[in-house]
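Chemist: All chains should be modelled from the sequences, with the hints used to inform the complete structure.
For reference, the chains in residue letters:
Number of protein chains: 2
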Amino acid sequence: MKCVRCKKKAKILLKRHNAAFCNDCFLYYYANQVNRNIRRHKMFDRNDKILVVVSGGKDSMALWDVLAKEGYNVVAMYINLGIGEYSNRSQEVVERFAQQKGLELIVKDIKKEYGLDIYVLAKTLKRSTCSVCGSIKRYLFNKVAYDGGFSVVATGHNLDDEAATLLGNLLSWEEGYLARQSPVLEKTHPKLVKKVKPLYTLTERENLYYVLLNRIEFLHEECPHATGARSILYKEVLNRLEEESPGTKHRFISGFLEKGRKHFQDVAEKLELKECKTCGQVTTTEECSFCRFIKVCNQQER
Amino acid sequence: MKCVRCKKKAKILLKRHNAAFCNDCFLYYYANQVNRNIRRHKMFDRNDKILVVVSGGKDSMALWDVLAKEGYNVVAMYINLGIGEYSNRSQEVVERFAQQKGLELIVKDIKKEYGLDIYVLAKTLKRSTCSVCGSIKRYLFNKVAYDGGFSVVATGHNLDDEAATLLGNLLSWEEGYLARQSPVLEKTHPKLVKKVKPLYTLTERENLYYVLLNRIEFLHEECPHATGARSILYKEVLNRLEEESPGTKHRFISGFLEKGRKHFQDVAEKLELKECKTCGQVTTTEECSFCRFIKVCNQQER
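In the order they appear, the protein sequences are chains C and E.
All residue numbers for the first sequence refer to numbering that gives the first Met the number 0, where the first residue is 0 and numbers rise by one.
All residue numbers for the second sequence refer to numbering that gives the first Met the number 0, where the first residue is 0 and numbers rise by one.
The hints are simulated quantities; they were obtained by calculation from the structure and are not laboratory data.
In this text the structure is predicted, and so the values were computed from the model without any measurement.
Check before you lean on any hint, since a few could be wrong.
Claimed, not checked - To list a few chain C residues with every Cβ distance to chain E over 12 Å, as calculated: (1) Asn-22; (2) Asp-44; (3) Arg-45; (4) Gln-90; (5) Lys-125.
Unchecked claim - Derived pair list, reagent style DSS-like, types lysine-lysine, alpha-carbon separation capped at 30 Å: (6) C:Lys-193 / E:Lys-110; (7) C:Lys-122 / C:Lys-10; (8) E:Lys-48 / E:Lys-10; (9) C:Lys-234 / E:Lys-107; (10) C:Lys-125 / E:Lys-110.
Glycine included, every Cβ here is placed at the ideal spot set by N, Cα and C.
Modeler: Shown next, in the form of structure tokens:
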């Protein structure tokens with residue numbers, strides 16, 4: 000098996016592209032895909048101040064590294080969500096990488112800074128921990144970016160994530176979510192920051208190969224709450240389809256972006272955006288869920 | 000496990016409905032579903048002359064039987080496609096059932112009546128046998144119904160078939176097919192007959208149970224060309240999703256019909272419908288594919 004680019008011995012086969020690469024050419028391909036996604040969707044350029052959200056997992060570590068190497072102006076943010084040792088280990092991974100590479104990192108600790116506890120919230124509000132975590136993360140992504148003068152928030156969502164989300168949204172025909180699923184969410188309010196997913200065409204496997212090749216430390220374990228999550232089932236069936244017909248996931252996502260998504264634009268929620276009476280951040284209710292979370296945790300402590 | 004309707008001992012569990020039935024109540028449920036689908040989508044009523052297309056398999060045999068029992072005015076049509084012993088065995092099954100029940104049956108033999116050979120056509124035209132068969136069947140469904148004064152053609156497509164087709168159309172975002180997938184295709188030309196799928200909410204398993212309970216003979220084997228077909232893979236992954244979350248297939252199809260399908264109506268093909276210069280049937284080209292097939296087979300024979 001020879002590298003399609005330099006004809007030396009290939010090390011990785013990407014069936015969906017019907018291409019094999021040596022390690023050097025894989026890194027070239029990888030950076031090329033990221034840069035192409037950034038340009039194609041006008042995500043940002045070298046003048047933008049970019050907040051990269053990192054969890055310590057392979058995808059976000061790959062994103063942080065590749066954007067820094069490609070000369071983008073990036074600052075990373077890590078949120079400690081208080082998920083026991085998992086959170087502590089992932090914070091260490093992220094902090095070590097920032098120190099080794101001399102990269103800027105913002106650490107947010109929801110317990111220390113805001114008194115939030117996802118387990119108390121999940122129990123009191125009868126919501127899943129994943130749903131509580133999601134609300135907290137979305138709030139902090141935007142608040143930290145807005146307060147810090149960042150023009151864009153970048154996340155490490157990969158092709159497998161996006162295909163699984165799309166499949167889930169289609170199985171139950173979530174029109175609103177279908178209207179909004181995109182590698183770029185534009186700024187729709189002065190206090191909302193643009194969100195982008197530069198790795199949306201790269202698979203989990205490619206991100207893994209990227210961090211291994213670059214000897215980037217990352218947390219191998221999944222969040223303990225992810226086990227049994229619906230998204231894992233969707234990834235499993237998409238892998239089965241991909242196995243029989245390489246390129247299925249990419250065709251599914253790119254077809255959606257080119258031909259499917261536009262049909263749902265008429266339902267793109269016409270929700271009235273307000274500013275939270277407590278913190279001033281954008282919300283659709285009087286008080287945002289983050290401020291309500293803080294009150295719930297304060298009451299439980301008393 | 001007790002029957003949800005009569006509280007006697009249940010014989011079949013339908014997880015997706017969270018319901019178990021005894022045999023009698025299952026048959027009641029089954030006929031109920033069929034009648035509800037017919038009414039809900041205004042498929043036909045007892046004044047309509049209905050052409051039921053039968054293959055000898057469990058789904059179409061169940062449809063033929065239930066429509067006859069429910070007092071609809073049905074005539075069945077079987078098409079012998081010349082697929083060796085498979086076609087001969089299926090024709091026998093269908094003929095025996097018609098005779099036993101005293102039901103009217105039209106048999107069409109594409110070799111004897113039109114000189115068509117799907118293998119010659121597939122090879123000469125470089126098309127799959129499934130695609131050739133599909134064209135021939137669609138042509139004859141409409142021609143026999145139109146010439147015979149039928150107001151509607153009914154086929155045995157089940158929930159598994161419809162969900163697999165929908166998944167395939169979504170994976171490659173076939174906008175035109177998405178616009179047209181429906182349990183009812185209305186008459187859009189004076190020479191086109193309405194097409195309906197009264198079993199679209201019933202699973203393969205439920206149709207199988209129906210024919211077994213009623214001791215209806217059917218052909219157990221699949222068409223020999225179906226092996227390895229894409230639709231089998233799609234059914235496999237949908238079964239995996241259904242296993243983890245009963246009701247997934249039904250939610251997928253009903254959500255599409257209620258919330259998804261409407262978004263694609265703007266692409267519902269605005270194809271100009273013409274009448275074939277040779278046979279007069281509706282086509283989008285000068286001469287329909289069926290008439291071109293006949294010429295190909297005639298030339299090959301010389």
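Chemist: All hints are to be evaluated individually against the structure, with a verdict given for each.
Modeler: Outcome of the hint check:
1. Asn-22: Holds, since 32 Å exceeds 12 Å.
2. Asp-44: holds (30 Å)
3. Arg-45: Non-interface label on Arg-45 (chain C) holds, nearest chain E Cβ at 34 Å vs cutoff 12 Å.
4. Gln-90: Given a closest Cβ separation of 33 Å, the condition holds.
5. Lys-125: holds (20 Å)
6. C:Lys-193 / E:Lys-110: violated (64 Å)
7. C:Lys-122 / C:Lys-10: Violated - the C-alpha atoms of Lys-10 (chain C) and Lys-122 (chain C) are around 48 Å apart, more than 30 Å.
8. E:Lys-48 / E:Lys-10: Distance ~35 Å between Lys-48 (chain E) and Lys-10 (chain E) Cα, so the pair is violated.
9. C:Lys-234 / E:Lys-107: violated (45 Å)
10. C:Lys-125 / E:Lys-110: violated (66 Å)
Violated hints, listed in ascending order, are 6, 7, 8, 9 and 10; each of the other numbered hints is respected by the structure.
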